[in-house]
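Asker: Chain by chain, the residues:
There are 2 protein chains.
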Amino acid sequence: MSGVLYVVGLGPADERWLTLEAQQALSEAQDIIGYEPYVARVPEREGQTRLASDNRVEIDRAREALERTMQGRIVAVVSGGDPGVFAMAAAVFEAVDDGPHEWRHLDIRVVPGVSAMQAAAARLGAPLGHDFCAISLSDNLKPWDVIEKRLEHAARGDFVIAFYNPASRARPTRIADAFAHLRKFLPGETFVGLAKSVGREKEEMILTSLDAVDPAQVDMSTLVVIGASGTRRIPREGARDWVYTSRKAV
Amino acid sequence: MSGVLYVVGLGPADERWLTLEAQQALSEAQDIIGYEPYVARVPEREGQTRLASDNRVEIDRAREALERTMQGRIVAVVSGGDPGVFAMAAAVFEAVDDGPHEWRHLDIRVVPGVSAMQAAAARLGAPLGHDFCAISLSDNLKPWDVIEKRLEHAARGDFVIAFYNPASRARPTRIADAFAHLRKFLPGETFVGLAKSVGREKEEMILTSLDAVDPAQVDMSTLVVIGASGTRRIPREGARDWVYTSRKAV
Chain U
1 MSGVLYVVGL
11 GPADERWLTL
21 EAQQALSEAQ
31 DIIGYEPYVA
41 RVPEREGQTR
51 LASDNRVEID
61 RAREALERTM
71 QGRIVAVVSG
81 GDPGVFAMAA
91 AVFEAVDDGP
101 HEWRHLDIRV
111 VPGVSAMQAA
121 AARLGAPLGH
131 DFCAISLSDN
141 LKPWDVIEKR
151 LEHAARGDFV
161 IAFYNPASRA
171 RPTRIADAFA
181 HLRKFLPGET
191 FVGLAKSVGR
201 EKEEMILTSL
211 DAVDPAQVDM
221 STLVVIGASG
231 TRRIPREGAR
241 DWVYTSRKAV
Chain Y
1 MSGVLYVVGL
11 GPADERWLTL
21 EAQQALSEAQ
31 DIIGYEPYVA
41 RVPEREGQTR
51 LASDNRVEID
61 RAREALERTM
71 QGRIVAVVSG
81 GDPGVFAMAA
91 AVFEAVDDGP
101 HEWRHLDIRV
111 VPGVSAMQAA
121 AARLGAPLGH
131 DFCAISLSDN
141 LKPWDVIEKR
151 LEHAARGDFV
161 IAFYNPASRA
171 RPTRIADAFA
181 HLRKFLPGET
191 FVGLAKSVGR
201 EKEEMILTSL
211 DAVDPAQVDM
221 STLVVIGASG
231 TRRIPREGAR
241 DWVYTSRKAV
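Residue numbers (the working numbering), protein chains in the order written: chain U, 1 to 250; chain Y, 1 to 250.
Chain U with its partners taken away, still in its complex shape (with noise of 0.2 angstroms):
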């Protein structure tokens, strides 16, 4: 008798942006998965098995775990924000493409999260309230010039764009190459939104534009959002401007 596996969406910060249906797969699990720090999210149960593991090893990850479910164990993998956006989700289904054929019957329930992108989008206004893409800017998997030209239909397409993974210490420069790139298709003025830490302590947001971003002000926990021609700024007295994008075509 197999059991059940979760994929579970914590986003991106604290429990406000829990679902009541990830609450519901947590309290259930018998075994938690998942990269350290998402790990330590989950409040601790007696008699809960928790097996915490490092960010690069996510088709390892998912394997143990279609293993335990095998086993009859009710298992959740968690992930911050979506794990069906740029996080475990696809993994899993990877791990079971290239598994044994009887992980086909697993009972897989993929349950979805807020992603880093929706709750920087929320602290900034509505930027995303019309047409967007989401790239990530990882290249182990896949070569720069695929992300190149992703960028550039993004920018010829006038899509809001936000950015998942634009910084890591194994390739610094990745998010000041990007910014070059969709400078050959944008004007300067470009909205920049860099969302930071969201929904945590340092949550720090910085408003700017193509021309004046500083990549350095880039890191592992910044999401990045470029706006489209509809994108405006809505200027306040004594408070940060809210930003947001219509949903008028230009």
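Identical chains blur together in the list; that is why a pair holds if it fits in one copy or across any two.
Below 20 angstroms or equal to it, Euclidean Cα-Cα: the simulated EDC-like pairs (lysine to aspartate or glutamate) are:
no., residue 1, residue 2
1, Lys248, Asp60
2, Lys196, Asp14
3, Lys248, Asp158
4, Lys184, Asp214
Think of the hints as simulated: they come from the structure by calculation, not from any bench.
With chain U's structure known, arrange chain Y on it following the hints.
Answerer: Chain Y in isolation, oriented as in the chain U frame:
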């Protein structure tokens, strides 16, 4: 003394996808304002005013909410899904931008939620597991040629695509036109998923391709997902295929 304006996402269906922050905002609010089916999803509470309106009057609804907040009320404008994604948050800030200067001093708090594409993706597997974009097919506020340009760049950039507002009584052929336009740039076997009434009793998932999709199956409750080159189907015996987008570039 002015009040607080919460712009709250209820998630795509029942309360399972409601966040703790959204629950809190709804329990504080004195006035609940929104499109009728969304207002109906908020549990009734004594003393709370409920103002349900038609879908078409987003800006009027936003102004009503802002005026009540000016009068010191605690107001919640509710949207299905995430208010920041093709929903009320952009309308609220657009109303502020065009409205009296004092609205810029209001305490406006956007409360993000799980959006329809995330719930649909969770049901299908992990189709949004890599770079993707979200496009509204509504041409109420933007001309159709802008939509066609975005479709072209989304296809040429090899993004997974989620369509919002794919059908309307006013323009039933819109979705057929969109599929026809995408066929100019994408192979006929490109994955197409129709996620209908996700999370509701009559939920239905249709897995098909760009060549085979029947536009008549797309209604206002449908979230459409178009795959990218990295989107894979995992065949299963006696169960619906799982669909995911590989994190590796092709």
